[in-house]
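If you're matching them up, the sequences are chains L and E in order. When the letters of the first sequence are read in order and numbered with numbering that gives the first Met the number 0, they come out as residues 0 to 337. When the letters of the second sequence are read in order and numbered with numbering that gives the first Met the number 0, they come out as residues 0 to 66.
Just so you know, not all the hints are guaranteed correct.
Unchecked claim - Have a look at the derived ranges for each label pair, beta carbon to beta carbon:
id : chain 1 : residue 1 : chain 2 : residue 2 : range
1  : L       : Q211      : E       : T17       : 35 to 41 Å
2  : E       : Q3        : L       : R276      : 50 to 56 Å
3  : L       : E255      : E       : K9        : 40 to 46 Å
4  : E       : S53       : L       : E210      : 54 to 60 Å
Treat the hints as calculated values from the structure; they're not laboratory data. Backbone N, C-alpha and C define an ideal beta-carbon position, used for all residues, glycine too.
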Amino acid sequence: MKDDRYSRQVLFSPIGKEGQEQLEAKHVLIIGAGALGTSNAEQLARAGVGKMTIVDRDYVEFSNLQRQQLFSEKDAENRMPKAVAAKERLSAINSGISIFSHVMDVQVEELEKLAPDADVIIDATDNFDTRLLINDISQKHDKPWVYGGCVGSYGLTYTIVPGKTPCLNCLLETVPIGGATCDTAGIISPAVQMVTAHQVAEVLKILVGDEQALHGKLISFDMWNHHYQAIKVNTVKNPECRSCGGNRDYPYLSPESQTKTAVLCGRDTVQIRPPERMERDFDTLRRRLHDGEIKQNPFLLSYTLNDHRMVFFKDGRVLVHGTKDIAEARRLYYKIVG
Amino acid sequence: MEIQVNGKIKQLPKEVETVADLLHYFGLDAKMVIVEQNKEIVSKDNFQGANLQSNDTIELVRFVGGG
Ligand SMILES: [Zn+2]
């Protein structure tokens, strides 16, 4: 019975037996395991993509369950890192593929390690700082990537193929780091699924080598107001673009573009990265925390004192909840960590 | 002036004369929008110079960050 698990996909002639073998030999890198990431990952795991790497910096909360399809109430109760919970569920869905997960915030260094082995990168992030970084990495390593974004009942997607299409930097014309605002208008699951349906279809085309079939347009829709657009944007390709043009210098890969602290989109949360790479020892940390409530799992330690909650990750990062103010977050952090 | 924006007819006040005005009117950040006027992409450099005409068909594609 197991032999026919991909039979319906093999019967679909643009994929066929050969395409299926291609899928099994390929590696997809998914940046983000939120709504877009979990939906993309589940579809690709079921499709039998041989290797998947999924990266996320956050942990599961109850407010995620409405749309982040790989997670359960138990994951939220245990505050499981999204990358870990996603891997567990994906392995249960398809034990015949390899899934790698990383609990981390991707910056240049991380992407430089992850990108070379990937055949395609899926954008499932929630911010433009990371997207512009993915965009530069994609150009540098000649890897296609598929942008997706959604808010409310609205979503859009675009497939960037280095050397062929405009890149995100051409389309946006150089947004400064931290310059794009956050979307806090809520989201319904159908908007997520519509974006990922397009992303996955595009990724399958790329993986089986059917680039002719790529849609080539900037696709957007509003599912509540029934408006669907597909716009040809080829003319936007800018020969002077700093990410994909002739004299490119990959502006978003430069050290000064890297952020140590970031406000997480729509989360009332500030992330603080330690200045240097470290592995946090939870026992040492616990000795410093006197009052307040501590909850711990193998991946993170959550500490609540009065109105403030901080979540310490093994990789040294800290999420300070209950504030959007970077200065206040730092003050709280140093008060505790010293 | 009456134009069509994302499939809907909109009545615009007189002071909305260009694509740049239109984006301002809708509260959109020019960097984060792709504009198509009567099936032609308007380059971002030309938002100020692109005059709107009655019965124009405008498509505004807004880049959003959520995911
Ligand atoms: Zn470009």
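Task: Structure-inconsistent hints, enumerated in ascending order - done: 4
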